[in-house]
Amino acid sequence: MSVITGSAALRQERDWNIGWTDFGPFLALLALLVVGFLVNPDFLSATNLGNVITRSAFIAIIAVGATFVISSGGLDLSVGAMAAFITGITIMFMNSMAPEWGVWAIPAGMAVAVVVGTGCGLMNGLIVTVGRIEPFIATLGTMGIFRALITYMSDGGTIPIDRSLREAYRPVYFGTVGGIPLPILISIAVAAVASFILYKMKYGRKCAAVGANEDVARYSGISIVKTRTIAYAMQGACVAIAAICYVPRLGAATPTTGVLWELQVITAVVIGGTALRGGKGHVWGTVAGAVILELIANLMVLSDFVSEYLVAGVQGVIIIIAMLIQRFSK
Numbered sequence: 002m003s004v005i006t007g008s009a010a011l012r013q014e015r016d017w018n019i020g021w022t023d024f025g026p027f028l029a030l031l032a033l034l035v036v037g038f039l040v041n042p043d044f045l046s047a048t049n050l051g052n053v054i055t056r057s058a059f060i061a062i063i064a065v066g067a068t069f070v071i072s073s074g075g076l077d078l079s080v081g082a083m084a085a086f087i088t089g090i091t092i093m094f095m096n097s098m099a100p101e102w103g104v105w106a107i108p109a110g111m112a113v114a115v116v117v118g119t120g121c122g123l124m125n126g127l128i129v130t131v132g133r134i135e136p137f138i139a140t141l142g143t144m145g146i147f148r149a150l151i152t153y154m155s156d157g158g159t160i161p162i163d164r165s166l167r168e169a170y171r172p173v174y175f176g177t178v179g180g181i182p183l184p185i186l187i188s189i190a191v192a193a194v195a196s197f198i199l200y201k202m203k204y205g206r207k208c209a210a211v212g213a214n215e216d217v218a219r220y221s222g223i224s225i226v227k228t229r230t231i232a233y234a235m236q237g238a239c240v241a242i243a244a245i246c247y248v249p250r251l252g253a254a255t256p257t258t259g260v261l262w263e264l265q266v267i268t269a270v271v272i273g274g275t276a277l278r279g280g281k282g283h284v285w286g287t288v289a290g291a292v293i294l295e296l297i298a299n300l301m302v303l304s305d306f307v308s309e310y311l312v313a314g315v316q317g318v319i320i321i322i323a324m325l326i327q328r329f330s331k
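In our numbering, the protein residues as written are 2 to 331.
What the hints contain is simulated information worked out from the structure, not anything from laboratory work.
Please note that a few of the clues may not be correct.
To be verified - EDC-like mimics (lysine to aspartate or glutamate), calculated; alpha carbons at most 20 Å apart, straight line:
(1) Lys203 to Asp216
(2) Lys201 to Asp23
(3) Lys203 to Glu215
(4) Lys227 to Glu215
(5) Lys227 to Asp216
(6) Lys227 to Glu135
Note that the coordinates shown come from a computational prediction; the quantities given were computed from them, not determined experimentally.
With the hints as constraints, model all of the structure from the sequences given.
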């Protein structure tokens, strides 16, 4: 077998060119807005849309990281439990430093969150790549570990943030810049950086090559271990950023924090046009997918068509339909 050069393999995997199908998530978003307005005119009010998009920011940020993992042929089921664990560690660190450092404990806690999140993602990546364990099994195991740790840390209850830090931390979720909620701006910034990495840097093309055909990528001189491990580390960093934004919303970490976030994240990625089998990723489509999920949940609350208690069920149906569309579109 002739060895394919690295540049040739990368050219083979450059299926990032935008076609009409790449606008699918945005057309679906537009259609959902129209349907929502017809069902309830208040659906398109600035207040309602602002609240919905702000709530979707957590899933959008995590899903951006998942775009790298999934496009490289991986999967991470631990993101919800990881978010809960990072949230608990962050709050505990801030509370311990608050008496001595005051409000400066907040930026220090944010730095700790990013380090812990990146470390958790790196651990997942090494288990999958070096340990050669299937991503589904590996991250299912770490999901249980992270969930057990936050339950142990909170003693089955809650870990509230220190009262002296609440007002100073509150703007991270409730603050605005130019009238735009801060979590939305943070999610846009994360997506912009991720888009540059995925579409403009060699690493993004390596993700596509590894996800599309691992053997061809290996013969081309691409390190499978390095590429996928970095993707998982980036996923962990994105989870940490989402956790940082999430803390001031409730002001506490609990064992139930982030429950079913993994379902929402994977659904957002698939809706956004990223192939679950790997080889193709769309960052902005992923962001649109996260907003679509939150809009559907909001529409269920504003209408009487389906009970709001069936939100997770509807999300499950959506991901199955999205996968069927991907399968039959081939």
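Distance restraint between Lys203 and Glu215, which requires alpha-carbon spacing of 20 Å or less: OK: Lys203 and Glu215 at ~16 Å, within 20 Å.
Straight-line alpha-carbon gap Lys203 to Asp216, limit 20 Å: With Cα atoms ~18 Å apart, Lys203 and Asp216 stay inside 20 Å; holds.
20 Å limit on alpha-carbon distance, applied to hinted pair Lys227 and Glu135: Holds, because 16 Å separates the two Cα atoms, which is no more than 20 Å.
Hinted pair Lys227 and Glu215, Cα distance within 20 Å: Holds, at about 13 Å.
Pairwise hint evaluation, Asp23 against Lys201, where the allowed Cα distance is 20 Å at most: holds, 18 Å
Given pair status - Asp216, Lys227, alpha carbons within 20 Å: holds, 15 Å
Checked against the numbered hints given earlier, this structure breaks none of them.
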